[in-house]
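S.K.: Work out the full structure: start from the sequences and follow the hints.
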Amino acid sequence: MGFSGFVAFILVRVLKVVTPVKMTFEIYATCVIPISAFFASSLCVCYVHYLTLISSRLDCSVLELGKLSSSA
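For the sequence shown, the positions run 1 to 72 when the UniProt record's numbering is used.
Keep in mind the hints are simulated off the structure, nothing from the lab. Keep in mind that the hints are not guaranteed to be accurate.
[Unchecked claim] Between beta-carbon pairs, the in silico distance windows are:
#1 Y47 with L15: 31 to 41 Å
#2 K22 with I54: 38 to 48 Å
#3 M1 with A29: 18 to 28 Å
#4 Y28 with F6: 37 to 47 Å
#5 S4 with P34: 36 to 46 Å
#6 V7 with T52: 28 to 38 Å
Quick reminder that beta carbons are idealized off the backbone N, C-alpha and C, glycines included.
M.R.: Written as structure tokens, this is what we have:
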């Protein structure tokens with residue numbers, strides 16, 4: 001994210017490729033913050049779901065190894 005912020009800064013402020021937008025706090029609070037919050041929450045939910053799936057798969061593989069070692 002730091003790299004993309006740096007590139008955006010260079011494109012807008014130094015090279016003037018993109019015209020800067022005057023953004024008030026009201027626009028920022030009603031447009032940017034909700035999108036950021038939903039994006040961050042979806043990342044957190046996906047990460048927790050991934051960890052849950054991985055841990056349940058590890059539990060199953062540990063149980064299978066226990067069954068194999070006890071039957072031998």
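S.K.: Next, verify each hint and record whether it holds.
M.R.: Taking the hints in turn, this is what the structure says about them:
1. In this structure, Y47 and L15 meet the distance hint of 31 to 41 Å, their C-beta atoms being roughly 36 Å apart.
2. Checked against the hint of 38 to 48 Å, the pair K22 and I54 passes, with Cβ atoms roughly 46 Å apart.
3. The supplied range of 18 to 28 Å is met by M1 and A29, whose beta-carbon atoms lie about 20 Å from each other.
4. Range check, Y28 to F6: about 21 Å between beta-carbon atoms, so the 37 to 47 Å window is missed.
5. Restraint check, S4 to P34: a C-beta distance of roughly 20 Å breaks the suggested window 36 to 46 Å.
6. Between V7 and T52 the C-beta distance comes to about 35 Å, which sits within the given range of 28 to 38 Å.
Hint violations for this structure: numbers 4, 5, all remaining hints satisfied.
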